[in-house]
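Trainee: Position chain G against the provided structure of chain W, taking the given hints into account.
Chains as they are written, first to last, in my numbering: chain W, 117 to 311; chain G, 6 to 175.
In short, the hints are calculated from the structure, not lab data.
Yeah, the Cβ is synthetic: ideal placement off N, Cα and C, and Gly gets one too.
Don't take each hint at face value.
[Claimed, not checked] Examples of chain G residues lying across from chain W (beta carbon under 8 Å, computed):
id, residue
1, H28
2, V55
3, S63
4, G72
5, A73
6, G97
7, P127
8, A131
[Claimed, not checked] Taking lysine to any residue pairs in the SDA-like style, the calculated list, with each CA pair at most 20 Å apart, reads:
id, chain 1, residue 1, chain 2, residue 2
9, G, K45, W, Q204
10, G, K45, W, E203
11, W, K305, G, P56
12, W, K305, G, K45
13, W, K296, G, R92
14, G, K74, W, K240
15, G, K74, W, E306
16, G, K23, W, N311
17, G, K23, W, N310
18, W, K305, G, K74
19, G, K156, W, I285
20, W, K240, G, P56
21, G, K156, W, R304
22, G, K74, W, T251
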Amino acid sequence: MMKMEEILKVFAPHRGDAIVISGRANRHWDKISTNKNRDLSLGDPAMGGHASFALGLALARPKNKVVLFDSEGDLQMSLSSLSMVAEQAPKNFVHFVLDNECYATTGGQPVPNASKIAYDVIAKGCGYSSSYAYTNLESFQVNVKRIMEEPGPVFVAMKIVPEIENLPIGQRAPRLGKTKDQAVADLRKELGINN
Amino acid sequence: MTTEGSLSPEIVLAEMKKHGITHVVWLPDSETNWLYTLMKADPTITLVPVPREGLAFSCAAGLHIGGAKPVILIQNTGLMESGDSMRGWTMGMNIPVVLIVGYRGYTRHGVNKDTAATYTEPFLNAFHIQYYLVENSEDAPRISVAFEEAKKFQRPVCILVGDEYHGFNR
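So that you can see chain W by itself, here it is in the shape it has in the complex (with noise of 0.2 Å):
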């Protein structure tokens, strides 16, 4: 089991000027990112969307990197997206996946069948290029810039510790950074698009 800002920090050297979409990460991503025109930080606009979201980025943006931090919950609840993704085989595309086993931010329920999914095994069957999966930090680190140099769709799974949240949402802190909208509009700004 890794720590989300821990995988996030070992991941950011590495980034160049990929679009990262931060998903349930942001709260840490936020804090280390150092390119934040190119951080697309949606919240959670419907869960279940953000690989499908991600490709649909990919391919509209061919010669741009699309970095995704997925988490496992919102891909079982449409694991289908795989199979899409890997017709597709945007090769610009990095799809990691933050797997806590649980839906944390409704106090720790585990996912279906938590802790026996292989991922990157369904990942790899549906037709991504690569696939892999991290249980501990030092293997991700060795081969982080192998992963982001590869063609895609690369799947990366990662096994992480649960951040769990009891709190409802009304007490809740107030998500850090930007607005999803401002966050669409510097992007698009960056990469000037204006249709």
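Mentor: Quick look at chain G alone, frame taken from chain W:
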């Protein structure tokens, strides 16, 4: 007077292309197979098949934010399956996308035996989604109206294709 079964897929495709469509995010249905064949042969359009309709909305949001111009092509059954994804990924993110939706069960005399048709318009009304019915080729300019409204109001607008068993299947 409108005639049943006369919606030309070529005209529908031409309307879509008039508005610079780059990607069609879609799941097959009985209304749109012939349109699929045409789109597949068109080198200016990329087809992005989805395994479940809700994923079409998130994918279209990513395409739009990245500068592409997607359209969503699904059936009314899948539209209803997509409620939360449509809300969060398109309405909640101001995505100007046109939904071309096969109107399964629709009949022109207003009496149907298919609950898919029964609930389609109430569903769209519940989400405050503007929609236009296209039954034949004479109605096709409504597709352009939908594109213009989506752009103006930065939200999804729906075309209901009310020609289930004729034109698109030939």
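Trainee: What hint numbers does the structure not satisfy?
Mentor: Hints 7, 8, 11, 12, 14, 19, 22 not satisfied by this model.
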